[in-house]
Amino acid sequence: MSNLTGTEKSAVMLMTLGEDRAAEVFKHLTTREVQQLSIAMSSMRQISNQQLIDVMANFEEDAVQYAALNVNANDYLRSVLVKALGEERANNLLDEISETRETTTGIETLNFMEPQMAADIIRDEHPQIIATILVHLKRGQAADILALFDDKLRNDVMLRIATFGGVQPSALAELTEVLNNLLDGQNLKRSKMGGVRTAAEIINLMKSQQEENVITAVRDYDGELAQKIIDEMFLFENLIDIDNRSIQRILQDVESDSLVVALKGCDQELRDHFLNNMSQRAAEIMRDDLASRGPVRMSQVEAEQKAILLIVRKLAESGEVVLHGGEDTYV
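Here this note's numbering is used: the first residue of the sequence shown is 156, the next is one more, and so on.
Read the hints as simulated data drawn from the structure, not as lab findings.
Given the structure is predicted, the values throughout are model-derived calculations rather than measurements.
All residues carry an ideal CB built from backbone N, CA and C; glycine is no exception.
Hints are supplied without guarantee of correctness; some may be wrong.
[Claimed, not checked] The following label-pair restraints were derived from C-beta to C-beta distances: (1) HIS183 x ILE440: 42 to 48 angstroms; (2) GLY320 x ALA437: 41 to 47 angstroms; (3) VAL477 x ARG374: 18 to 24 angstroms.
Build out the structure end to end from the sequences listed, making use of the hints.
Structure representation (structure tokens):
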């Protein structure tokens with residue numbers, strides 16, 4: 156029994172419940188907990204009868220009547236995730252799990268480690284090595300770790316993340332040695348690491364003062380780069396998270412024709428968010444305009460969305476609207 160971790164024991168328990176009940180349990184877990192259990196379940200091949208009995212006893216359950224658990228763990232996991240999360244989210248999570256298992260054997264260790272412990276492990280490494288590590292972590296975990304660094308180190312690392320263009324497997328020898336094979340450089344994918352989007356996603360999850368300090372430091376180094384990060388930090392689709400009063404204020408400064416084009420490239424939920432904050436008459440006119448407007452080039456849609464975002468940022472800077480970034484509110 157000692158060879159099974161707590162997460163693995165929980166995974167065994169879930170696999171004894173049946174797909175429907177396991178799916179119900181998943182619905183009450185956090186994303187991180189689901190991922191931990193999913194990784195454990197997907198790694199299992201066969202659980203012996205004795206292991207099963209030990210696990211059940213550990214949960215104070217009588218498991219003598221159970222036979223050896225012999226299921227296709229990957230098929231079972233897929234069925235449970237589909238029932239719990241839906242086809243699309245399940246596929247995304249399974250792809251993420253697969254990529255995690257293929258690209259590195261140890262990255263999840265840092266992802267699931269307490270931020271303070273992870274920060275203590277890597278804080279004395281070269282900032283470039285720290286940046287390389289953090290771009291492989293979940294954005295929230297990376298932000299939590301960065302929050303534990305002093306301003307100088309945090310700003311240095313974020314600047315390196317923002318300018319990080321990827322790393323060839325051959326260049327990861329030092330990192331592999333530092334982390335004791337935590338990262339397996341042979342399969343790391345250059346296209347998914349670092350850059351402006353990664354920096355923006357991490358900064359979005361920082362405390363507001365830390366966020367401001369990092370942006371200022373990047374702007375001092377490269378104003379254009381700082382603006383690119385800011386552009387990625389709040390996208391048009393993020394307007395769905397703005398409260399009704401702020402949307403109503405934004406509508407006062409946005410031309411109807413501009414909004415029609417911008418909304419042509421949005422999903423129905425975001426369209427409804429705007430329509431629900433208009434008068435009944437204005438909403439009817441907007442719906443008619445959206446229905447009657449023919450195909451619009453994506454470049455036009457993006458141009459109008461950027462123009463509206465400029466208005467939104469100016470209103471936010473003046474305190475007239477409130478934007479929500481990550482876990483904090485900022486104006």
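Against the structure, the hints come out as follows:
no., hint, in the structure
1, HIS183 x ILE440: 42 to 48 angstroms, "44 angstroms, holds"
2, GLY320 x ALA437: 41 to 47 angstroms, "46 angstroms, holds"
3, VAL477 x ARG374: 18 to 24 angstroms, "23 angstroms, holds"
Consistency with the previously given hints is maintained throughout, with no hint failing.
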